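Based on the hints, put chain U in the right spot on chain Y.
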Amino acid sequence: MKDNNINNHYDHEGSKIGMWLFIFTELLFFGGLFIVYAVYRYKHGTAFELAAKELDVSIGAINTVILLISSATIAMSISSIQLKKRKLTIILLATTLILALIFLVNKYFEWGIKIEHGLYPGSGILQQHGYGEILFFGLYFFMTGLHALHIIIGIILITIIMLKVKNEKIHADRFVQLENTGLYWHLVDIIWIFLFPLFYLIV
Amino acid sequence: MEKSEEHKIISFKTYTVILFLLIVLTSVSVLVTKIDLGNISIIVALSIAGIKTILVFLFFMHLLYDKKMYSIMIAGVLILMTLVLIILFLDYQ
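Sequences listed follow chains Y and U, in order.
Numbering of the first sequence is given in the working numbering, commencing with residue 1 and proceeding in unit increments.
Numbering of the second sequence is given in the working numbering, commencing with residue 204 and proceeding in unit increments.
The shape of chain Y in the complex, shown without the other chains:
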């Protein structure tokens, strides 16, 4: 686009490939956990179905929609920075941030209710349940917890990117960091797209 990029060590394509390679490691990382889930579900099918009934489908569905909207807003922010609309970009990123925070708040209450009912790994009440249910809740807390950790990392990344857009470090000719953050955020969304049916819907 502009010649002043030439001496600037700026490689849009290269940065993006790097981000995708990182995303692949994440996919395989979560993929491994999904395989663990698949094996245990195969071995303890009925217990998994019973345990899944404890989860609230509506909270899960609301959180799915929240993440989908936040994915759309961060995707739109990339279009808007290319259109040189800085203010709109910041508004869209802020919307994404707020949605991410709402997701975490929902998650907090959801976990809180489960823990109140004694359904957490290592609790005495859960020990009285079957082996399959112990495994289900172990996987539930580990996988949604790991996902929530990714949301928190995403919130930090989006905040940094928003400040960079504000300071014009990221602009229409140089926005790969925004694009890569977007890719990361969509990855978090995709993982949730699978967590939702596997833990909430299949009862």
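Any given hint could be a false lead.
Stated by the list, open to error - Straight line, CA to CA, 25 Å or less: simulated BS3-like cross-link-like pairs of lysine-lysine: (1) Lys-211(U) with Lys-164(Y); (2) Lys-87(Y) with Lys-216(U); (3) Lys-271(U) with Lys-16(Y); (4) Lys-270(U) with Lys-114(Y); (5) Lys-16(Y) with Lys-107(Y); (6) Lys-87(Y) with Lys-166(Y); (7) Lys-87(Y) with Lys-169(Y); (8) Lys-211(U) with Lys-166(Y); (9) Lys-211(U) with Lys-169(Y); (10) Lys-16(Y) with Lys-270(U); (11) Lys-270(U) with Lys-87(Y); (12) Lys-53(Y) with Lys-107(Y); (13) Lys-211(U) with Lys-84(Y); (14) Lys-16(Y) with Lys-169(Y); (15) Lys-84(Y) with Lys-166(Y); (16) Lys-237(U) with Lys-43(Y); (17) Lys-84(Y) with Lys-16(Y); (18) Lys-216(U) with Lys-84(Y); (19) Lys-85(Y) with Lys-271(U); (20) Lys-114(Y) with Lys-16(Y); (21) Lys-53(Y) with Lys-237(U); (22) Lys-84(Y) with Lys-164(Y); (23) Lys-237(U) with Lys-271(U); (24) Lys-16(Y) with Lys-237(U); (25) Lys-84(Y) with Lys-169(Y); (26) Lys-237(U) with Lys-107(Y).
Think of the hints as simulated: they come from the structure by calculation, not from any bench.
If you're wondering where the values come from, they're calculated on a predicted model, not measured in any experiment.
Only chain U this time, still in chain Y's reference frame:
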């Protein structure tokens, strides 16, 4: 170094349509699993999740507009994951 090429700007309308489709698919998967179909509901729920993932990959993650190389790499990773799953379940037959 080569000059960076033009990046396609995707319209807000496209994103809105895709978002709408994703939300509709989510509702469908919730409604379908409410009906007790036994093992079929697992297949339906996971197929819908698959379709949603493809939409996110193609539009939100720009695979439709990017170089083919990205799609090929992702296909490779997904094939690898499927193979691991299949080979693992051979042990449980």
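Status of the hints after comparison with the structure:
{"no.": "1", "hint": "Lys-211(U) with Lys-164(Y)", "verdict": "holds, 22 Å"}
{"no.": "2", "hint": "Lys-87(Y) with Lys-216(U)", "verdict": "holds, 19 Å"}
{"no.": "3", "hint": "Lys-271(U) with Lys-16(Y)", "verdict": "holds, 14 Å"}
{"no.": "4", "hint": "Lys-270(U) with Lys-114(Y)", "verdict": "violated, 45 Å"}
{"no.": "5", "hint": "Lys-16(Y) with Lys-107(Y)", "verdict": "violated, 31 Å"}
{"no.": "6", "hint": "Lys-87(Y) with Lys-166(Y)", "verdict": "holds, 8 Å"}
{"no.": "7", "hint": "Lys-87(Y) with Lys-169(Y)", "verdict": "holds, 14 Å"}
{"no.": "8", "hint": "Lys-211(U) with Lys-166(Y)", "verdict": "holds, 23 Å"}
{"no.": "9", "hint": "Lys-211(U) with Lys-169(Y)", "verdict": "holds, 21 Å"}
{"no.": "10", "hint": "Lys-16(Y) with Lys-270(U)", "verdict": "holds, 11 Å"}
{"no.": "11", "hint": "Lys-270(U) with Lys-87(Y)", "verdict": "violated, 30 Å"}
{"no.": "12", "hint": "Lys-53(Y) with Lys-107(Y)", "verdict": "holds, 17 Å"}
{"no.": "13", "hint": "Lys-211(U) with Lys-84(Y)", "verdict": "holds, 14 Å"}
{"no.": "14", "hint": "Lys-16(Y) with Lys-169(Y)", "verdict": "holds, 18 Å"}
{"no.": "15", "hint": "Lys-84(Y) with Lys-166(Y)", "verdict": "holds, 12 Å"}
{"no.": "16", "hint": "Lys-237(U) with Lys-43(Y)", "verdict": "holds, 23 Å"}
{"no.": "17", "hint": "Lys-84(Y) with Lys-16(Y)", "verdict": "holds, 21 Å"}
{"no.": "18", "hint": "Lys-216(U) with Lys-84(Y)", "verdict": "holds, 18 Å"}
{"no.": "19", "hint": "Lys-85(Y) with Lys-271(U)", "verdict": "violated, 29 Å"}
{"no.": "20", "hint": "Lys-114(Y) with Lys-16(Y)", "verdict": "violated, 40 Å"}
{"no.": "21", "hint": "Lys-53(Y) with Lys-237(U)", "verdict": "holds, 12 Å"}
{"no.": "22", "hint": "Lys-84(Y) with Lys-164(Y)", "verdict": "holds, 14 Å"}
{"no.": "23", "hint": "Lys-237(U) with Lys-271(U)", "verdict": "violated, 39 Å"}
{"no.": "24", "hint": "Lys-16(Y) with Lys-237(U)", "verdict": "violated, 41 Å"}
{"no.": "25", "hint": "Lys-84(Y) with Lys-169(Y)", "verdict": "holds, 13 Å"}
{"no.": "26", "hint": "Lys-237(U) with Lys-107(Y)", "verdict": "holds, 22 Å"}
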